[in-house]
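Protein chains: 4
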Amino acid sequence: MKKIKIGLIGAGRIGKLHGVNLAHSVAEADLYAIADPYMNDATRAWAKDLGITGIYDDPQQIFNDPEIEAVFICSSTNTHADFIIQAAQAGKHIFCEKPIDTNLDRIRQALSAVEAAGVKLQVGFVRRFDHNHKEVRDVVASGKLGAPNIVKVTSRDPDHQSMDYIKVSGGIFMDMTIHDFDMARYLAGSNAVEIMAYGAALSGAGYEKYDDVDTAIVTMKFENGALGVIDNSRAAHYGYDQRTEVMCEKGCVQVSNDLNNQAMISTGEGVSIAKPTWFFLERYNNAFIAEEKAFVEAIINNTETPVSGIDGLEPVKMAMAAALSLREGRPVRISEVENS
Amino acid sequence: MKKIKIGLIGAGRIGKLHGVNLAHSVAEADLYAIADPYMNDATRAWAKDLGITGIYDDPQQIFNDPEIEAVFICSSTNTHADFIIQAAQAGKHIFCEKPIDTNLDRIRQALSAVEAAGVKLQVGFVRRFDHNHKEVRDVVASGKLGAPNIVKVTSRDPDHQSMDYIKVSGGIFMDMTIHDFDMARYLAGSNAVEIMAYGAALSGAGYEKYDDVDTAIVTMKFENGALGVIDNSRAAHYGYDQRTEVMCEKGCVQVSNDLNNQAMISTGEGVSIAKPTWFFLERYNNAFIAEEKAFVEAIINNTETPVSGIDGLEPVKMAMAAALSLREGRPVRISEVENS
Amino acid sequence: MKKIKIGLIGAGRIGKLHGVNLAHSVAEADLYAIADPYMNDATRAWAKDLGITGIYDDPQQIFNDPEIEAVFICSSTNTHADFIIQAAQAGKHIFCEKPIDTNLDRIRQALSAVEAAGVKLQVGFVRRFDHNHKEVRDVVASGKLGAPNIVKVTSRDPDHQSMDYIKVSGGIFMDMTIHDFDMARYLAGSNAVEIMAYGAALSGAGYEKYDDVDTAIVTMKFENGALGVIDNSRAAHYGYDQRTEVMCEKGCVQVSNDLNNQAMISTGEGVSIAKPTWFFLERYNNAFIAEEKAFVEAIINNTETPVSGIDGLEPVKMAMAAALSLREGRPVRISEVENS
Amino acid sequence: MKKIKIGLIGAGRIGKLHGVNLAHSVAEADLYAIADPYMNDATRAWAKDLGITGIYDDPQQIFNDPEIEAVFICSSTNTHADFIIQAAQAGKHIFCEKPIDTNLDRIRQALSAVEAAGVKLQVGFVRRFDHNHKEVRDVVASGKLGAPNIVKVTSRDPDHQSMDYIKVSGGIFMDMTIHDFDMARYLAGSNAVEIMAYGAALSGAGYEKYDDVDTAIVTMKFENGALGVIDNSRAAHYGYDQRTEVMCEKGCVQVSNDLNNQAMISTGEGVSIAKPTWFFLERYNNAFIAEEKAFVEAIINNTETPVSGIDGLEPVKMAMAAALSLREGRPVRISEVENS
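Protein chains in written order, with numbering that gives the first Met the number 0: chain G, 0 to 339; chain R, 0 to 339; chain H, 0 to 339; chain L, 0 to 339.
Please note that the accuracy of each hint is not assured.
Note that the list lumps identical chains together, so a pair holds whenever it fits in one copy or between two copies.
To be verified - Subject to a maximum C-alpha distance of 30 Å in a straight line, what follows is the list of computed DSBU-like cross-link-like pairs (lysine-lysine):
1) 97 x 292
2) 208 x 274
3) 47 x 166
4) 2 x 15
5) 1 x 208
6) 47 x 15
7) 47 x 1
8) 274 x 249
9) 166 x 133
10) 97 x 1
11) 292 x 15
12) 47 x 97
These aren't lab readings, by the way, just hints derived from the structure by calculation.
Bound conformation, chain G alone (with noise of 0.2 Å):
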């Protein structure tokens, strides 16, 4: 089996989850190299048990060697660009996490590179790959349903981040709502056009105090005329809350939560039934496992990776109007963000 040779620049949290996938669940994947600018001895034991070969402090040699066809990038954010470029140049297939950047000439500079190499380019929206997600999309994308008119995005985290996270965030939707930014244009199959939030911080823990919100509302237009809607907390202290649905012309399809068993126990007390799988590690895993085969299989088969540069850019452009709309307190238009 032809086997895609992968460095891996990062090793925090999600950049070691990519390498586990890599290295067990993606078959046709060799997780070869491993770079990460504060490599240190667990680390390291860490890449050594997974079979890596090449451990580096330094992301360059990683693009310098050229047995690797394809990177992962699983670093901080403000480092996408850079090494998305570097990647490119150095010809190498690239999968970073998202946001590209939140800056929108910074994107364009990035996809411009990319464009330029040849390479390929998936962007990681995760959420895309879920079993639920995806047969939402399938359904609309299908045809079978008519045009979409209503799009639905419930989007809520089980608990709060730190505070010392959320001030430096980049705000709630730019940070958490980019997701359901990025799930609502890929129902709807469509680009905004227009942006309209509600936000307030509920929830006692302070996000007022860095000029956040834990709590919000986000409609919006789309070019082919659907209605969206998405809203968020940072705490629904039941669960993890991911749903969705669109409404078409001829029919309506949503999904629920994943549930941690199908159990419903009976009492005289009342009826009970499991919790939602408690956070993205649980909710999203073989969404992981999906994303990194449908990267890799891109490489192989040489076609289109499922989530494109323009698929990194829109949903910042939504995430700035919406952060704009807020404070604001009025509709704002993707147009308007364009050029920020």
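Keeping the supplied structure of chain G fixed, place chains R, H and L upon it in accordance with the hints.
Just chains R, H and L now, kept in the frame of chain G:
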């Protein structure tokens, strides 16, 4: 058993529905008289079969009858305010179908007359009595989930009304969403302060000809800080879709649709379950009986009615704000429409 | 509208239930007379309130009244056969509560009288009219799933009857499982040929004192080759549990319980849904109305009633076979009890 | 990390499944050697790709290797007992696929050898590790619902095995129901004392030619007083149907099937949901990994394995009793087959 003698005004579809229920399903009601300016033989026969004694063309005969303690006003909307005033002056308790009027001043005049007369008034927001939505409200109102953060109402009709009806309907927000505005207030336990509406004519049925839409997403902020969203369609061909959800600080309560039955049919081709109950007559059948009982019991026990005059006023403001928002493409504060 | 004049015999719990429905919810029924040997002032007042003209102690007054076309026999089981015979001889159509009798010869005599008189007879197996079980039957009977292979009936009461009742109940199979034997035949579309019963007194309530059980699993073979199983409990404290399922050659149809509402409440502690509707008055409320309508319509349209005399006879044989099986610890063929 | 060196015996479908899991998904396992008398190039390549060092034709090479601490016996059933004895005598811990043998004496000899050697034995009843069935067991075992009264197991395969397989399968009870007998014991927390089996060849596939059935309902009594029922089909063309339920004194716990996704698609024609996961490889995928981890952890922590030798013995008795019951058309006590 003490029975309340009731006069019914208006024998159209909704009037007849209340008539049958009062005659058969509300033990403490004595449906005693009916008046309709368009009284005809069929209605006369129908009324006799129900055992109604007084069958009139002129509502005055009901207002003038000292035996009658309460009236159900089920005539056309433009007559509601006048009939409320006359009934109040005659000392009758009043059940009035929604909306009281589409003009705020007319509503206020009617409410003043009710207050001056010291009679009871209940407005026909029947969905509050649905076992599902009521459960959501009861759980939120119990406080055990903490304060509400996000209120969601999905409300879609299974098929178009006639375009003749749409032409004079007053627009989707006053005609259809009015129920959902009431529901959102009821679930949030708070008044709206600002509303943003998106709408579109997507069905091809021609709503745009009457400056109306068939699809809408309306977002709102409540006085208590909660955010809300309503999504509407005039033509959800898969069925009458009526779901509500409130996410609170400590948890979430949501209700799905009643289905025609609990069957699941599994074959090699796929798995099917029953469709939602067809339309409001099926879905809210028991809710109508419950609202009628609640009104009669409020009279007998001399307690507050569960849907007050203010509950009749506020949703009209919300509908006006939503219409203005859609027209001007901006969020509208309730205070902007207060004096219209 | 043609209305059928009906005489009701027996004004106990089930008689009153039929009375209220016939008066209020079956448009083509005219509840005209009632007879109960234990007639008292409360029942008299109840009957007057329903608008019943003839209120008697003696059922003969109903049989003798030529105005009356049909009777509802809701008296105690030991009177059913006699009243059927008398009603038939008086030319009245007959609705009789289940079981017709616990003695096969007495049932056969009653059925002969019905046949000789050419009147209609419907036996009160109300569950056939439940929207859920009826859907299972309709799907199986449509043939689209092929022949039935496995028929499953779960039937559990939410709480014990009094031990005074149990003492004279005739045992679980004749008293409680009789409904399930009918359901199994109805769903299988075939008669049982052999039955094996396991039973146990597990609740601690003392059924063993009366040689009875509170828990049972009964298996059976049908003439058409299908296998069946019924499981029963007298005390499923979590609620009235009434589920059916038929696996056929090409698919499976199953129904779960109706719930009090469609709410789901999610918190950090867990997720709860509504309990099943409490007991048969709640669960089978609409089914009672449907069976009454079906009987009245069979008279008006001169068609077969949907639950025939044979349908009254066969479940009694099944109950007898089950009782013998439990007593002797062996499978019992229906033919063994045919002549008892 | 301490890793257990494992030798795998038998590289058929189930052996390969364990091999992949041990190599990739059980961190504390070191899959070190494999032996299969039918070793071929494809298997050799597969083993190399997994990083297995020792690739043999002869299981003796595994028993003789002092480095190896544990074996997985995945060869054909008739070799299980011999290999258990040899492995035990070599001091290896043993995971053995079900059933140990179809002869009680052979099983007892194998268990004696295990006991004499003081090694651990785990039998491959994988369904105990399914998240659904395990939840049922955990709830029952917690005691919070009181003693079990009714144990129900639905277990149906989505399609026929080949008739060549059926011919030598040992019959439905030993081949297929064996899993359900284990499940029933596990859920009841008690041994069966008597069994009654009904069975029929209804599919038209020809099971009757081999004196076998494709459809069965098996009832049983447990030592603790609970009653149980298993229903089986060899060809539930709608999918792999694996549901369990235990009704206890104070409540009921039941699990439905895992579905392919949580989607609901509603159109004017009807409402569809996803099918159950296709077959045991999909449904019990995670359960296989969990059983392997449990075995390895029992070795590392020197604790009891979760599925013991007795757990391997009792279901075989139940299968023998069921087969005798079906043959003779009568209930069979477990004690009748104890000495066969």
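| task | Starting from the hint list further up, note which numbers the structure goes against and sort them upward. | result | 2, 3, 5, 9
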